[in-house]
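Taken in sequence, the protein lines are chains A and B. Counted the way my numbering counts, the first sequence spans residues 1 to 427. Counted the way my numbering counts, the second sequence spans residues 1 to 447.
It is possible that part of the hints are untrue.
[Stated by the list, open to error] Per the computed footprint, the stretches of chain B lying under chain A, defined by three or more beta-carbons under 8 Å from a beta-carbon of chain A, are: (1) 96-105; (2) 127-137; (3) 406-419.
[Stated by the list, open to error] Counterexamples of contact, computed for chain B against chain A with all Cβ distances above 12 Å: (4) Thr-24; (5) Tyr-25; (6) Ala-62; (7) Thr-74; (8) Glu-75; (9) Ser-79; (10) Arg-210; (11) Asp-230; (12) Asp-231; (13) Ala-234; (14) Ala-307; (15) Asn-349; (16) Thr-387.
Quick caveat, the hints were computed from the structure, so don't treat them as lab data. Glycine is no exception: its CB is placed at the ideal position from the N, C-alpha and C atoms.
Each chain, written out:
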Amino acid sequence: MRILTVIIVVTLACCSCLVSAQQATLIRNATIHTMLETAPQQNSDVLIRAGRIVAIGSGLDVDAQTRVIEAEGRHLTPGLFAGITQLGLVEVSAEQDTSDAAFASNSMRPEFSILPAYNPASALIDITRSEGLTWTLLGAASSGGQDAGMGALIAGQGVSLDLGGAMTLPDTGPSVLFVNLGGRAAELSGQSRAAQFMLLEQAMREAQSSGRQLANEPRLLTVTGREVLATFIADGRWMVQVDRASDILQTLAWAKRHDLDIVIVGGAEAWRVAAPLASAEVPVMLDPLTNLPGDFDQLGARLDNAARLHQAGVTLAFSAAGMDSHNARKVRQLAGVAVAHGLPWHSALLALTRNPAQLLGYTQQPGTLSKGGPATMVLWHGDPLDVTGYAEQVWIDGETQQRPSRQQLLLQRYLPQNPPRARQFLH
Amino acid sequence: MLPGVSFGADSDAGFAAEDSYPSTYQPAASEPLLLRNATVLTGTGARLEAADVAIRNGRIEAVGVDLPNPDGHTEVDASGRWITPGIIDIHSHLGVYPSPGTASHADGNEITAPATPGVWAEHGVWPQDPGFTAARAGGVTAMLVLPGSANLFGGRGVVLKNVPAVSYQAMKFPAAPHSLKMACGENPKRVYGSKGQAPMTRMGNLAGYRSQWIKAQQYLQSWEDYHNSDDEDAKPPQRDLAMETLAGVLRGDILVQMHCYRADEMITILDLAEEFNYRVTAFHHAVEAYKIADELAAENVCAAMWADWWGFKMEAYDGIQENIALVDRAEHSCAVVHSDSAEGIQRLNQEAAKAMARGNRAGLDISAAEAIRWITLNAAQAMGIATETGSLEPGKAADVVIWNQHPFSVYALADQVYIDGALMHDRNDPQLQAVSDFMLGQPAAGE
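Here chain B stands alone, though its shape is the one from the complex:
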């Protein structure tokens, strides 16, 4: 249970409402495992040679060299292979913009008003999206599925375990905080401005955020007044889905994932957060984050970025391939590599490798042990699940990938993918490769 959720829309649930549409996720059955003799990138910045990873009850039991095996863990020979934490994507639209991308599947953008904080991405997730399976084959064990960026306030995102399931509830990451997706810049003003509606300008964007936060402050106050009232007959305020989300942010229960490209806009958004006393957890896309790397680190704000996307719109014009490395350089920084793509999520290891190589070419001296954090622990931190996953540390969930070679090679493939200690994908065993309902009987099955 998250802190500070003991009151809100009703007496039991907070504004984060994590008790609604609750997770029904259950880890698949697993056995005690001892993965032997691999090069291990722990996700905490360490690289261990000829090391072992012990797993028991779905948790990491130990990581080290020559671990004893007194009680008969099943041993897996990982000689010559590499082990990393499960890969985590902080920016995905799998399920809400699934494959095939038919019009009837487009459930990721509620483009009906610039402020729709009351919609939840999870209510649009189609669990049979074949993209989930493809991402699992790329080592992805968890992801944040977000609404799109047409709106200033796009709605809530949901953290999913990347397991095959019939309902999204069975994928929902237990106890993960909710996130609010917000968007800066061109998208909201283009979408609504082109209809002659607000926002038409970046001025309008800011006015739009501020007016909603003012309402949210009032909403929060009305509930606090109600709870603090001595009057036993006091009536609770009317519930408001949109305001519940924003009040959840103001109370610190809901994280803010802010789509924002330009450096100057990110600085303005930090001022906005200060004005209304909330925290921006991460800037997403953050194409110009390298221009304000020190400021972001000082504010303890993560930046989630692409390795090389640029130029598709004006606010992406100054994209450089060293963005991630330069953000990472600042002390206490939190650089994250994200996909925002059903293709990219399958190869986040390669995206991190590209960013590392460009940083090293610029003289920044980044090791694979450090760079793996961009797609594991740093992502987990910005999703509020770092105590549970994101690194190979005793006690954490055994979300683990065994790669056939250095994961920062274009030729690397994930051999085995474990989620909570259960083998959820094996490259060499078709019986251990899930097929979504949609793909049954389709030609991709091969001949």
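Pulled out of the complex, with its shape left as it was, chain A reads as follows:
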């Protein structure tokens, strides 16, 4: 009987999507993390209508048409950041035809953008969003190995977007440029990491030179590539994937030389250079679970990397190593583990909300809850950073999930015991 109830609840939850976006919804008596104050607002209400937050406060009055959800003190947060992923770019990692994740190019192509491959109907989108993750930064990756060549040093452009799932061309944040440095990228740069900076400098020089100046030069970039790189040099965000402390210092020096706006991605040894990162005001997007020396660039990996960087005043965001997309939902656990190893809880939540939104310049999803802002938020069962907590309701621009995920459907099919007919009739 209990099993039956669960199925009905799941079905009802789906029906709630039929509620018109124009109808107001009040979430009453929640613990609201606006991420604009250091402490949550206890016993507070949020009123949403037409995709926006109309009001936040205690004891909000509503009319009879307003749908009311009793939160009973549960946590309400902005929709969480899924990290750098390939959501919508990959279905089954090992099946090449379903994966647009990595660009194998023999030449440096900063004009490569991953966005045209994005598929909002991907099964991964529903699955990820149902876990309370409402937006991501699509990562541009280069495939290493013999085919890639030095071009993959600059892996191309990614963008941040909401995981709304509507079959429309997505609204995105500004494009960011991915750069790979360090030991793993050595094969992309003539087997020496020293050449990485030489090649970057050469490409940047090219981007800022006229065709005539380059007439007799060997070139790294296409004409379009030069134009794109020039815009990033002038005013763009560079996501630099690098782990080793000495490489991070070189990266900081390079960024300072050119006055570049950079984010360190990975940063396994970032804690060793926390002070220079802080004084350069360079944020770090890291995976708090990286504590083993996976390679020689990560010999200094520690579980308190996040706590130490925070202590030094470095702005943090979280992202699972390797652009994990199928299990992007694990990013909440990453944040919880960072807390277990010394990061304040609120700072961990910031690293999944406001911090990544700010450092990516993503105004569509500011990672905060405020009057007039988008109603992109999550009502949680339990602690949003704990492994036993889970997203109970997820709104993106005021809309709840349109359809159950494949995984929810599989559960509904295999949860009943001794079905009278083959389970394939259950759908």
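Starting from the known structure of chain A, arrange chain B on it as the hints suggest.
For chain B alone, coordinates are given in the frame of chain A:
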């Protein structure tokens, strides 16, 4: 000594050959302990409040409330803390795919032929893998280190005590049975099919298993004929490392750990086992085990699973987070949570917690006392060491973890980790945190 090992490749050792490369493990020195006033999850399904655990001579002496202390056990205040059995990982590649993952360290997959049952994972284990230390900090006291899954028959796995050591023999779990790692599905057919070799298909996988088992039956018969012969001049058959492993399985001395994702393939493998009259001990990864939970329980086969991995290949496409809970629901089931990961092994408590929470969300009503079995007693059972460890029962090894809070919280940390009653890790005492040789002088030591 395991049953039925009195003959085989030579007159003294069986095909399991547990006398070769023998364990030299010795428990570290320990004192009688009385861990006081904790919430205790026994691993047998019980939860005791304000309970004590008494340890003597490296064994569990008693578990209960207000235990007397007549002969002066050293008392450890565990008030407000939690005690569980030592965590056990049934699927690890620590040591054979160690950190750092340099090419010269890749010793876990003998990708030279689809059937390599003659190789042993223990011969590839690097005891200085920093992953062992990290796993110990996560409460892991024992693990099964397996070869990889490139081959239909990948070789033998080894059960290790998670103690710091210079040789793997000094970690080797005494008297633990050997395991044979086998693999279903995509990996073998991809690895060999892409070279234009067999197996290229799942058909080829099955033909590959069957032809080897037929050979193994003949090999076993030749030894039985030899031992049963009245002819004093009879010559023993030629030893064959690969066949020794397979014959050990057919004799029931060696367990079978079967990498298999899809429900239909697991059913086919059960038919294969019936055809050649051996037992599959556990299906590993078992992403679709929830589709055949009742069948697995009826066959007395364990399923070792991830809490949430899915989708990285076709055979993992139907992974759901309720898999473990649904497998556990069947009566007489044996659900196990495994890591297959140097990161995951450090937090198996969290993996179990995730699986429990998803099961409860689906209405399955699973308690922490039950769920802890997935990473303790059930794992021990599927590794053939359940009489020795896996639960806090008098007489068993004192493999014990004291957690600073509920172990199913993401914020929980293992305060103390005891192996055979000896304190092998203490979170608050750097002197009691082993550092592998490799990590000496490396930057991770901190500043």
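- Item | Hints violated by the structure (listed by number, smallest first) | Violated hints: 14 and 15; rest satisfied.
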